[in-house]
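Under the working numbering, think of the first position of the sequence shown as 28, with each following residue one higher.
Calculated directly from the structure, the hints in this document are not laboratory data.
Incorrect hints may appear among the rest.
Simulated pairs of lysine to any residue, SDA-like, Cα-Cα distance not exceeding 25 Å [said to hold, decoys possible]:
(1) Lys168 / Ile184
(2) Lys157 / Ala182
(3) Lys157 / Leu111
(4) Lys157 / Lys168
(5) Lys157 / Ser220
(6) Lys168 / Arg192
(7) Lys157 / Pro134
In this text, all values refer to a predicted model and were calculated from it rather than measured experimentally.
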Amino acid sequence: MPRIRANGTELHYHTQGRGTPIVFLHPPCIGSRVFTYLRNDLGRDHRTVAADFRGHGFSAPSAAPLTVPLLAEDVRALLDALDLPSAYLVSYSMGNLVSLEALLAYPQRFRGAALLSGLPEVADPRTRAKTVAAIWALRLKARGWVSFPINWVNADIPETYFRLRDEIRAGDSRNWREYLQAALRYSATDRLSRIRQPMLLMCGERDAVFRNYARMMHERLANSRVAVIPGARHNLPTRAADEVGALIRAWIRAQEGAALDRKGENAGAGPNAGVAMPDEAVREEASPILR
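Please construct the entire structure, taking both the sequences and the accompanying hints into account.
Written out as structure tokens, the structure is:
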């Protein structure tokens with residue numbers, strides 16, 4: 028299993044493909060295998076990087092307590108170790124907290140982010156209660172009470188279930204608890220307006236709580252779009268991978284095209300030469316509801 032030294036720790040990672048870099052960030056208690064479908068899809072025409080956070084999956088446990096800023100620093104250090112000047116982020120659930128912190132702390136290194144079932148803080152009573160319950164279960168060494176529901180909800184077929192289970196079993200319970208505690212303490216809500224990079228906010232039609240988060244973030248972010256996946260729930264990376272992958276591909280293509288337009292204008296070229304405009308690119312491939 029490949030590991031790389033980054034920010035003083037050993038991170039298990041997988042990279043594939045060539046092209047615009049995409050880095051996947053996972054939530055607590057699970058690892059990067061939750062992005063397997065998206066990694067394989069987007070790896071056809073991008074360079075994808077999926078790494079397990081400290082103490083998660085097959086990465087080394089962390090002696091330093093996990094915090095959201097520390098994990099964001101690890102992501103920046105991972106780019107350094109892989110010799111990547113910049114990348115897009117794709118994150119899921121509470122992993123989106125790390126994405127937001129990375130965008131705020133290292134704006135030159137991250138070109139934008141696609142947030143899957145995202146939130147800027149754990150503000151709603153249901154998610155807070157579930158997080159607190161998980162923390163207490165881990166304190167009481169009832170690890171299975173935490174891992175089984177996460178595994179079950181994110182598995183679409185038996186093969187996925189067993190692959191996720193093996194990865195989850197390798198994680199460190201103390202680091203899981205620290206990540207969960209850090210998520211409860213963290214908030215980027217009052218700083219969202221500082222994020223200037225483009226953002227794609229994706230949520231399931233049947234995920235009412237996180238649709239509300241997406242709406243709130245959309246109102247505060249300077250440059251964002253919201254995509255609602257018809258019929259989908261919270262677990263977008265495994266249960267709506269085809270739709271999510273198509274949206275991310277079109278959205279990144281639009282951002283890169285817009286960047287080429289700006290360079291062309293600076294060099295005296297026509298503003299729309301040879302590239303799709305952002306709205307056209309997204310509408311062309313995406314059936315979800317876009318706002």
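Status of the hints after comparison with the structure:
Our distance criterion of 25 Å between C-alpha atoms is broken by Lys168 and Ile184, whose separation comes to about 28 Å. Restraint check for Lys157 and Ala182: satisfied, since their Cα atoms lie roughly 19 Å apart, inside the 25 Å limit. The suggested pairing of Lys157 with Leu111 is violated, with an alpha-carbon distance near 36 Å, which exceeds 25 Å. Between Lys157 and Lys168 the alpha-carbon distance is near 16 Å, which keeps this suggested pair within the 25 Å criterion.
Taken as a hint, the Lys157 and Ser220 pair is broken in the structure, with Cα atoms around 29 Å apart against an allowance of 25 Å. Among the hinted pairs, Lys168 with Arg192 is consistent with the structure: their alpha-carbon atoms are about 17 Å apart, no more than 25 Å. Using a Cα cut-off of 25 Å, the hinted pair Lys157 and Pro134 is violated, with the two alpha carbons roughly 32 Å apart.
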